[in-house]
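Asks: If you want the building blocks of each chain, they are given just below.
Protein chains: 2
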Amino acid sequence: MTLSTSDRARLQAFLENTRENTESYLGYPVSKDFEFDDLVEFLRYPLNNLGDPFSDSTWRVDSRGFERDVITFFAEMLRAPENDWWGYVTNGGTEGNLYGLYLARELLPKGIVYYSQDTHYSVAKNLHFLGMRHIMIRSQKNGEIDYDDLRETLRARRDIPPIIFANIGTTMTEARDDLKKINNILDEMAFSQRYIHSDAALCGGMAPFMDPRPAFDFADGADSISISGHKFFGSPIPCGIVLARKCNVDRIARSISYIGNLDTTITGSRNGFTPLVLWHTIKSLGKDGLAARVQHSLDTASYAETQMRHAGISAWRNPGAITVVFPQVAESVKQKWQLATANGESHVICMPNVTREQIDELIEDMLATPVANK
Amino acid sequence: MTLSTSDRARLQAFLENTRENTESYLGYPVSKDFEFDDLVEFLRYPLNNLGDPFSDSTWRVDSRGFERDVITFFAEMLRAPENDWWGYVTNGGTEGNLYGLYLARELLPKGIVYYSQDTHYSVAKNLHFLGMRHIMIRSQKNGEIDYDDLRETLRARRDIPPIIFANIGTTMTEARDDLKKINNILDEMAFSQRYIHSDAALCGGMAPFMDPRPAFDFADGADSISISGHKFFGSPIPCGIVLARKCNVDRIARSISYIGNLDTTITGSRNGFTPLVLWHTIKSLGKDGLAARVQHSLDTASYAETQMRHAGISAWRNPGAITVVFPQVAESVKQKWQLATANGESHVICMPNVTREQIDELIEDMLATPVANK
Numbered sequence: 002m003t004l005s006t007s008d009r010a011r012l013q014a015f016l017e018n019t020r021e022n023t024e025s026y027l028g029y030p031v032s033k034d035f036e037f038d039d040l041v042e043f044l045r046y047p048l049n050n051l052g053d054p055f056s057d058s059t060w061r062v063d064s065r066g067f068e069r070d071v072i073t074f075f076a077e078m079l080r081a082p083e084n085d086w087w088g089y090v091t092n093g094g095t096e097g098n099l100y101g102l103y104l105a106r107e108l109l110p111k112g113i114v115y116y117s118q119d120t121h122y123s124v125a126k127n128l129h130f131l132g133m134r135h136i137m138i139r140s141q142k143n144g145e146i147d148y149d150d151l152r153e154t155l156r157a158r159r160d161i162p163p164i165i166f167a168n169i170g171t172t173m174t175e176a177r178d179d180l181k182k183i184n185n186i187l188d189e190m191a192f193s194q195r196y197i198h199s200d201a202a203l204c205g206g207m208a209p210f211m212d213p214r215p216a217f218d219f220a221d222g223a224d225s226i227s228i229s230g231h232k233f234f235g236s237p238i239p240c241g242i243v244l245a246r247k248c249n250v251d252r253i254a255r256s257i258s259y260i261g262n263l264d265t266t267i268t269g270s271r272n273g274f275t276p277l278v279l280w281h282t283i284k285s286l287g288k289d290g291l292a293a294r295v296q297h298s299l300d301t302a303s304y305a306e307t308q309m310r311h312a313g314i315s316a317w318r319n320p321g322a323i324t325v326v327f328p329q330v331a332e333s334v335k336q337k338w339q340l341a342t343a344n345g346e347s348h349v350i351c352m353p354n355v356t357r358e359q360i361d362e363l364i365e366d367m368l369a370t371p372v373a374n375k
Numbered sequence: 002m003t004l005s006t007s008d009r010a011r012l013q014a015f016l017e018n019t020r021e022n023t024e025s026y027l028g029y030p031v032s033k034d035f036e037f038d039d040l041v042e043f044l045r046y047p048l049n050n051l052g053d054p055f056s057d058s059t060w061r062v063d064s065r066g067f068e069r070d071v072i073t074f075f076a077e078m079l080r081a082p083e084n085d086w087w088g089y090v091t092n093g094g095t096e097g098n099l100y101g102l103y104l105a106r107e108l109l110p111k112g113i114v115y116y117s118q119d120t121h122y123s124v125a126k127n128l129h130f131l132g133m134r135h136i137m138i139r140s141q142k143n144g145e146i147d148y149d150d151l152r153e154t155l156r157a158r159r160d161i162p163p164i165i166f167a168n169i170g171t172t173m174t175e176a177r178d179d180l181k182k183i184n185n186i187l188d189e190m191a192f193s194q195r196y197i198h199s200d201a202a203l204c205g206g207m208a209p210f211m212d213p214r215p216a217f218d219f220a221d222g223a224d225s226i227s228i229s230g231h232k233f234f235g236s237p238i239p240c241g242i243v244l245a246r247k248c249n250v251d252r253i254a255r256s257i258s259y260i261g262n263l264d265t266t267i268t269g270s271r272n273g274f275t276p277l278v279l280w281h282t283i284k285s286l287g288k289d290g291l292a293a294r295v296q297h298s299l300d301t302a303s304y305a306e307t308q309m310r311h312a313g314i315s316a317w318r319n320p321g322a323i324t325v326v327f328p329q330v331a332e333s334v335k336q337k338w339q340l341a342t343a344n345g346e347s348h349v350i351c352m353p354n355v356t357r358e359q360i361d362e363l364i365e366d367m368l369a370t371p372v373a374n375k
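Protein chains in written order, with the working numbering: chain E, 2 to 375; chain Y, 2 to 375.
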């Protein structure tokens, strides 16, 4: 398995390129301060976490033992009901959301999904995929769901079980929908059948360490939660975890003879490397390390917001958010720092690896290239 | 990011375990003769092939250029119509099948999916997921779809557009449905609207090099094809490719402002490492290397079938198959060699790395532990 000289040169140039592009981005919620040399050897084997992480399997080239540890760690962190949780390591936040919505559909086939207009675009795609009825709710200015609009919309449909898709950190402003407020509204209208999915792609890794703790997890009324592994935690390969109430999962499980396994996951063959990545992070940082990581990001975000305002840029952020929002920047600045932009706004996301020096440089660039030139 | 001594010991023990378990399995269609040391450095970066591989993106820490090369290679190999193909690197065969069926549903919302009873269990799950009407067709004894049953079933539903889910290598016996025969049946009944998806998980990597060449690809009438990357080609992380006619994909594309990208893939964040793996294999082996790889597997399969028959075991295989089927073995033999077993049958799959010595040893084990003891 050897490459030609030209192919090898191309790969080398690409590596350099990747190194540079990784250094400069500030606009995506993707950590880059990781190092998994301990795991490199595993690339020699065809690890495949076939099927359910909690069942036995004939196939043994897997890391499902580590996957179970990862899921167990998150179950505790997300205050899952004792002995009534199940989950697996996904290929990313979208798969976790798809799983949560799928579960909801199976449990409440006639339900309607309610979600705010700031919801990630992939959710509309998921809903179309699953053929689920859905209603978009207005957002507040900060990106949080408009509870009044939600209440009024639900009031008109009290005969239909509601499925709430809650954002625990929207894509553009990191706004968090409040599960306590949502549950109060559902209680007000005495809905006995309901389902709440938390899309905690970015914030799920941070919220358990925040004070005040956002209302987003199982103890706050979630029935399933999806978190990205490559965002707050950091991973060379996109991944995530999804957790759900086991009693619900059991109702939709199908027994499969072929792999001697219950087939409860979305894909059959599953990545066995990323569970090791997540396990490594959890074990090497521990809860204290993760908490420090959150604090560091919040401090950087506070710095960025303050410095921008001092520079006359009308920057703002949601309480407890590491995302700082400001008016759309010039195209050259957007390209240089790989800033996601929508509806006239750009943002930096102060992931643990973002430095104050980078923030200073970004502000210099913004001032040097006025918006009029964009 | 350092692990404690005990965690490090656990990881080391797991590595040993993985090495041993990888050496012994014969029952799964997963190659293990790979070596990607050239790619190890990329694990330091958060590669993410966000969105469509063929569109521009603000995010630049990606391997989409390599992904396009991989897809282009397969488009040629699978005789895709010139300038009318599109595809991406998936997380495995299941995702590719889901994509093909999703496309079919969008194009023919009232269609019925026909598939044989030997189809992989994940397909029924996919169909349920997508809410598609479907009818299971009988299989012939060798695992191939029963064309007479297909014809009769279609005849009774000539007002409904047919969607054919064809197996190009079934899970248990590696039987291949013949797209020419299927298309003849559809022609007979003058179906103007039709869709054919080829699930070529295992055989898609081999069939282009076989003589006679199985009827399975775009030139034979397929509208989409899914192939696994971790099966015939070999990969430390499950992956695959899916290809479809571009004119069909364009009809369902949705424009997304957030990532400055057309969102045509199933997941948003996508693995950027596995496209490098596939690229490396294609470039280092080349077409000749791949052809030799196929021939080696076929030779081993022929050897296994012959030796088993000499030993009095009623083994058989489909023409041109690398899967050798025989009566279910004793539990201890099944465990030792990680043999998948269903409906009283077991099989070995002669992947490129399977040796004649292993076949000999398996036969010894089978003879030493008679079926009566199972």
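Derived by calculation from the structure, the hints in this document are not laboratory data. Just so you know, not all the hints are guaranteed correct.
Which copy is meant is left open, because identical chains are indistinguishable; a pair holds if it fits in one copy or across any two.
As the list claims (entries may be wrong) - DSBU-like cross-link-like pairs, simulated, lysine-lysine; straight-line CA separation at most 35 Å: (1) Lys247 - Lys181; (2) Lys33 - Lys111; (3) Lys181 - Lys335; (4) Lys288 - Lys181; (5) Lys247 - Lys335.
Asks: Does each hint hold? Answer for all of them.
Replies: Status of the hints after comparison with the structure:
Taking identical chains as interchangeable, the C-alpha atoms of Lys247 and Lys181 lie at most 35 Å apart only when both belong to the same chain, with a minimum of 22 Å there against 46 Å between chains. Neither within a single protomer nor between protomers do Lys33 and Lys111 lie at most 35 Å apart by alpha-carbon distance, with minima of 42 Å and 46 Å respectively. In this assembly of identical chains, the alpha carbons of Lys181 and Lys335 never lie at most 35 Å apart, being 37 Å within a copy and 52 Å across copies at closest. Taking the shortest Cα distances, Lys288 and Lys181 sit within 35 Å of each other inside one copy (25 Å), while across copies they are farther apart (59 Å).
Taking the closest pair of Cα atoms, Lys247 and Lys335 come within 35 Å of each other only across two copies (31 Å); inside a single copy the shortest separation is 44 Å, beyond that limit.
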